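S.K.: Use the sequences and the hints to build the structure in full.
One-letter residues, chain by chain:
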Amino acid sequence: MTMADRAPALLDAEESRRQARARAERIARWALPLVMLLGTLWLWDRIVAWNEIPHYILPGPGRVWDSLTGDWAMLWEAALLTGKITLMALALAVAGGAGLAILFNQSKLLELSLYPYAVILQVTPVVSIAPLIFIYVESKTAGMLLCAWIVAFFPVLSSTTLGLNSVDHNLRDLFRIYGATRWQKLWLLQLPSALPYFLGGLKIAGGLSLIGAVVAELVAGTGGVGAGLAARIQEAGYRLNIARMFAALSMIAAMGVVIFAALSLLAHLLLRKWHDSAIKRET
Amino acid sequence: MAGNVGSDSYESHMGVIRDSYDAPGLRLAGSVRFGGVPLLADVTLDLAPGGWTCLLGPSGSGKSTLLRLIAGLDTGADFDGTIIPSDDKDLSGRVAYMAQDDLLMPWLDLRGNVALGARLRGDPVDWPRLDALVDRLGLSDHAAKRPAKLSGGQRQRVALARTLMENKDFVLLDEPFSALDARTRADMQDLAARHLAGRTVLLVTHDPMEAARLGHKIYLMENNALSEIPPAPGATVPRPGDDAAMLSHGAALLERLRT
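Sequences listed follow chains S and E, in order. Per the working numbering, the first sequence starts with residue 1, numbered consecutively. Per the working numbering, the second sequence starts with residue 1001, numbered consecutively.
Possibly wrong hints are sitting among the right ones.
[To be verified] Computed cross-link-like contacts, DSBU-like style, restricted to lysine-lysine with a CA-CA straight-line distance of at most 35 angstroms:
id : chain 1 : residue 1 : chain 2 : residue 2
1  : S       : 273       : E       : 1149
2  : E       : 1145      : S       : 185
3  : E       : 1168      : E       : 1089
4  : S       : 273       : S       : 84
Just so you know, the hints here were simulated from the structure itself, not pulled from any lab data. Values in this document were obtained by computation on a predicted structure and should not be read as measured data.
M.R.: Rendered as structure tokens:
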């Protein structure tokens, strides 16, 4: 809708009220969280100052900021390492999860044999598997990837499986009448139908692969591959450098938000033309 | 009612209906059971060659089951009998299908949807023919849109374009117009009748007026039985919407359904 289309509608009192409400909500969407953040930082700062809490117990936000800027080079390097493991694990989770979902969909035998073990792998806490992994897997990177993969692949697998099985029955009939082959049905019908489900699973897997990477770092320690953000948190903790712990933590949180936002954007771009979840209604 | 169903008079009208296209008839004969419970025993359904056969009946009477049997789709029923085109050639690959649901792929644009059949067969798509067809159905302004941006009537026209693109002898229509508003429904009936002239069409419907308007042949399905009913007078379909004989025929069909 262009501004010219809108102009006459503005004359209508109710319409203009509705638009004012929409505008207020748009502003509130980013202004309120910002106010909340500033308020919390202020309160945090005041609590530390008023109670004279020593910085090795709770540093104020100013100190955390100083640590973030002062140790930037080190933290950035750590973030790159953690980010690399996270993204590689996510890529493997996508390949593994979607690949298994397709295999399960094509072969009932395979699904019946393997699905229970996928569930077991998912419900066993990765912290308890990780130490074993690092005994048997020699490469630190491979071990970390394996840990993160175990946590991240399942949402992709289960949501893609659901998507592949959720094809409209009428569309299946149509493909049947058109004499579509099994592969055509998979490529041209099931995979596009499963895409929205897959993307939903992917969003969850993005967060989980970061969690997996962090857990793996904590278990693996820093030897060999350098230290990621989680390892930096652990190390700073040993040194009672609480400000750096907070600084590294905030970077992990920021990384999680960036991954989520990127995957949401990807989902929106892929679905905006046709899927109900992403189409803007004109009315 | 002036309708005369004698097959002779029917055949004599065919010259009017037949376009350049000339599809054979089709006969379904046999019994249908649902898990041991008979739905239809020893019935014969004869599709008028190159014309419209309407299968009329209340919801849940099993009309769609017969259509799905001809289409070769799963019905959950056991069919014991034969489905044979009158030219004795194999039926597979000669059927096009259109349902109440438009069955469009939401991720393909309008042209992609119309081209689906050729794409699935691995044939090169005849784009000029496709675009001409889209144009004839008044859809050229929307050619690049995806189904979500089209109205219900437009989507059903796309489904019709896809069915026409298939260029099959037999066209199976499973209540394709019943979800449309009255005006759009009448428009769609006109379009379908005009463009499907000469094909052997089976239209499953619960609307007696639709059967009166479009049927060269009408079967009524109720109480686990199939009976043939004379069509409205006039061999050219669609019969005009204000044709008095057609209207009274439709009303009589409705009364027949209600008894």
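S.K.: So, against the hints stated earlier in the document, which numbers end up violated here?
M.R.: The structure breaks none of the hints.
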